Amino acid sequence: MTGDAPAMLAGMLGVIRRDLLLAWKRPGDILNPLFFFVMVAALFPLAVGPSPEQLEFSGPAVLWVAALLAMLLSLNSLFLSDFEDGSLDQMLVSPVPLPALALGKSIMHWLTSGLPLVLISPVVAITFRMPASVTGFLMITLLLGTISLSLLGSIGAALTVGLHRGTALLSLLILPLAMPVLIFGARTVSLVAAGDGVAGGLYFLGAYAVLVLSFAPFATAAALRISNE
Amino acid sequence: MWKFIHKLASPPHFYGLAASMIPWFVVPGLFLVAYGAYAGLFVAPMDYQQGDAFRIIYVHVPSAYLSMMTYMIMATSAGIGLIWRIKLAHAVAAAAAPIGAWFTFLALATGSIWGKPMWGTWWEWGDPRLTSELIMLFLYFGYMALRGAIDDTAKADKSSAVLALVGAVNVPIIHFSVEWWSSLHQGPTLVRKGGPAMDTAMLYPLLAMILGFTFLFGALLLRRVRAEVLYRERRTRWVREMILSKGT
Amino acid sequence: MGGYGAYVWTCFAMTVVVFVICEWRARLRQRRVYRDIEVRIKALGDTQ
Chain G
1 MTGDAPAMLA
11 GMLGVIRRDL
21 LLAWKRPGDI
31 LNPLFFFVMV
41 AALFPLAVGP
51 SPEQLEFSGP
61 AVLWVAALLA
71 MLLSLNSLFL
81 SDFEDGSLDQ
91 MLVSPVPLPA
101 LALGKSIMHW
111 LTSGLPLVLI
121 SPVVAITFRM
131 PASVTGFLMI
141 TLLLGTISLS
151 LLGSIGAALT
161 VGLHRGTALL
171 SLLILPLAMP
181 VLIFGARTVS
191 LVAAGDGVAG
201 GLYFLGAYAV
211 LVLSFAPFAT
221 AAALRISNE
Chain C
1 MWKFIHKLAS
11 PPHFYGLAAS
21 MIPWFVVPGL
31 FLVAYGAYAG
41 LFVAPMDYQQ
51 GDAFRIIYVH
61 VPSAYLSMMT
71 YMIMATSAGI
81 GLIWRIKLAH
91 AVAAAAAPIG
101 AWFTFLALAT
111 GSIWGKPMWG
121 TWWEWGDPRL
131 TSELIMLFLY
141 FGYMALRGAI
151 DDTAKADKSS
161 AVLALVGAVN
171 VPIIHFSVEW
181 WSSLHQGPTL
191 VRKGGPAMDT
201 AMLYPLLAMI
211 LGFTFLFGAL
221 LLRRVRAEVL
231 YRERRTRWVR
241 EMILSKGT
Chain X
1 MGGYGAYVWT
11 CFAMTVVVFV
21 ICEWRARLRQ
31 RRVYRDIEVR
41 IKALGDTQ
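Sequence order for the protein chains is G, C and X.
Each residue of the first sequence is one higher than the last, beginning at 1 in my numbering.
Each residue of the second sequence is one higher than the last, beginning at 1 in my numbering.
Each residue of the third sequence is one higher than the last, beginning at 1 in my numbering.
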């Protein structure tokens, strides 16, 4: 690896700032997944029926599945515009190590799709009659879980960039890997709602986020190099 | 040592060697499976809890074991191919995936058939092993789909290798999380499939089946890798010369 | 088979089928690849 720590940080922040600016100019990129999240969550009560007990029971699962799908939706375009306008080539030859830039892209993805989901989730949770104490835990699990999802998803997005039929393929690659996050995220919230202990689930989500953080930027960087050969 | 590995991994050498090795896998494999199936079906005593339905484990456990082992073989050879740029390793990974997917399917199907008389249902979400096998099948599908979506063989090799390695890191975590998930659920108390306290008359046929399946899997893998190597080397001189001299 | 015969035999039969399919697909692929190369070499030989 070349480049010292400040240069790496500067490169990473540069990527994040540029992409945030781009997102600011095209708010649809942030808003569409959010609308999607709200709509998927609204599908379930319509399909299941308005019974309050059932909504209360299925709330954590529905919110988590909807969040997972919304994260997937925004992943497809993560490297697409960079690939099309050639800035990906610039990233590949830049003196800043590629894993640092890949981490920057993952952080950007989390800031523009994970964090907004976390912030809007209480509003949707209210419609599922979720008590405030449970909603707090929902937000914490979503916070920890979406970090892992953004990092894991970046690998999938890097592997499928430039391929046709990328969206369906990306879901096929990422969904099996995302199962642990979904299991621990949704079940922990259900456990809180049932009045059980939750420390185990939260520890797991935190530990998993750290684990993924340790390898995902490198895997994403490797995948980007391979996809651009 | 390196010289030996390079010679072994050279496509023409491997192509010939694999053909002569296949019988060495098929013959012991068939013997072991024949013994295991006969002893498992007719000699092993009936399980006092599960009756004769327990005999399904003689095909279920070996296929479940192979589905896990194949994924590990696939990920290991993909990693070797990625790090040391050995082309043969990529061919092994490509050949292993469909076989692994078939064995995963077999483990799921036999597990589900075993579940019908035991749990009264074809599918029990409360059983962690069946659920992990299902996710395993999805992992194989993802790997094969990525391979299929990339036309260039060298690029497909490397991309799918990254995916296989990321998947291999996740496999133990998936198992752990599925175990945790099902332990929360107070469902039907499941009868243990096998276990250390097994009667030897039941255990030996099972071990024979596991070993026999592994041998037969080795033969299948070798045959598929041969075809894969032939395809990848189709423009080389040695393939041309071999076919002109009517070798197989 | 104590009433479980259908289940047990179905499982063993499926196992045989899966092995046969795997073996058959491997042989089929080998044959196809071999024949394609043969055809190409012949075509090249004719043009020379």
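Since the hints were derived computationally from the structure, they do not count as laboratory data.
What you are looking at is a predicted structure, and each value in this text was computed from that prediction instead of being measured.
Among the clues, some could well be false.
Claimed, not checked - Stretch-level coverage of chain C by chain G, calculated; a stretch enters the list once three of its residues show a Cβ under 8 Å from a Cβ in chain G: (1) 134–147; (2) 166–179.
As the list claims (entries may be wrong) - Sample of chain X residues facing chain C (criterion: CB under 10 Å; computed from the structure): (3) Y4; (4) T10; (5) T15; (6) R27; (7) Q30; (8) D36; (9) L44.
Glycine residues also receive a C-beta, built at the ideal position from the N, C-alpha and C atoms.
Evaluation of the provided hints:
| no. | hint | verdict |
| --- | --- | --- |
| 1 | 134–147 | holds (count 7) |
| 2 | 166–179 | holds (count 9) |
| 3 | Y4 | holds, 4 Å |
| 4 | T10 | holds, 6 Å |
| 5 | T15 | holds, 4 Å |
| 6 | R27 | holds, 7 Å |
| 7 | Q30 | holds, 4 Å |
| 8 | D36 | holds, 7 Å |
| 9 | L44 | holds, 9 Å |
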